[in-house]
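> Sequence:
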Amino acid sequence: MTVTAAPSQLVRAHRTAVRVPGAAAPFDTLHVTLRHPALPAASDVERMSGMLRADPTGAPYPVVVVLPGVNVSSTGYLDLAVALAQAGMVAVTFDWVGELFAGQHGLTPGVDLAVVGPETYGTAPTTPVLAPLLEALASCNAEGPLAGLLDLDRVGLFGHSAGGTVALQSARAEWFPQVRAVATYGAHTMASQQLGHPAGTLLPAPVSVPVMLVAGTADGVVAASAIRYGEEAGAPAHDPVERTFVEALPADTEAWLVRLAGAGHMLPAAPEDPTSARGFLEEPLTADAEHLRGVLVELLVAFYSSRLGTDAVATTVLAGLADDPRPEIADIRRR
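The sequence shown begins at 551 in the numbering used here and counts up one residue at a time.
Keep in mind that the hints were calculated from the coordinates and are not lab data.
Watch out, some of these pointers could steer you wrong.
[Said to hold, decoys possible] Pair by pair, the computed Cβ-Cβ distance ranges are:
| no. | residue 1 | residue 2 | range |
| --- | --- | --- | --- |
| 1 | Met601 | Ala801 | 43 to 53 Å |
| 2 | Gly608 | His581 | 22 to 32 Å |
| 3 | Ala591 | Ala801 | 47 to 57 Å |
Glycine included, C-beta positions come from ideal geometry on N, C-alpha and C.
Produce the entire structure from the sequences given, and follow the hints as far as they go.
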């Protein structure tokens, strides 16, 4: 699985911040990082400041927004962000210390509790993040060091865990027509009973653009979370990612399901922070997580490069995956 990229391509970060409408201060601010192709330092001013110019060669660049798992820092997705930038995209990550549940705060992808219940689901995006974040990107594209370099009509979403759930639930074309591809890891659309849904409820994912669901065969967090949905923790039949692939996505949506052999729930985040998130629910893994993370990154870069139109070779790579999957892939399906 090889996609044209420039490993020697310099990547630098540009940072900004944006407030989330309706969120109460001080828990109302996204701290946003855009990682982009850059040019080497060409002056003492650049060398001393570290402020290097963006490389305009492949601009305007499509954008991939990373929606993190709960209590997972954006720095955990650095490998993916750099790889995307080296492949000719701009990767956007953010940290938001916001409300998780009533009275509880932490790092969040943003979940609008007002629109996730049985009576309100489907009336609005389940994350309040995307609209202000896309507005902030438009501001970056209007002025500043990235002015004119972003293609905001070609946006991809990557969501990890809960971030993947809200990505699947929010990427409706009527809400965000600029979103052209969605990929997730360890994510599904089963609905928690705590939100008022009956046991076993699977919410529809209103996504019409290409979707890639990636999961690990040793995901202990998804297994342990079965009790949220009225099932026993670790129940062998509990496979919400499979159900999302088969039942939740529209029948005419291009959809991929990829399972990585031996991978756990926290695979996308490195280094994993053992003081945060819920990785403690998993048994110690025997697979080489670093190697599997590299496979995941390559897979995602190929998917976005193909579906956001940055590399024609990536389309061929993806087309051949199902016929000749590499050994780290336990299962791959496309419909």
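> Now tell me if each hint is right for this structure.
Verification of the hints:
Evaluation of the 43 to 53 Å hint for Met601 and Ala801 yields a pass: the beta carbon distance comes to about 49 Å. Hint check: Gly608 to His581, Cβ distance near 27 Å, so the stated range 22 to 32 Å holds. Between Ala591 and Ala801, the C-beta spacing of about 52 Å keeps the proposed range 47 to 57 Å intact.
In this structure, none of the earlier numbered hints is contradicted; all agree with it.
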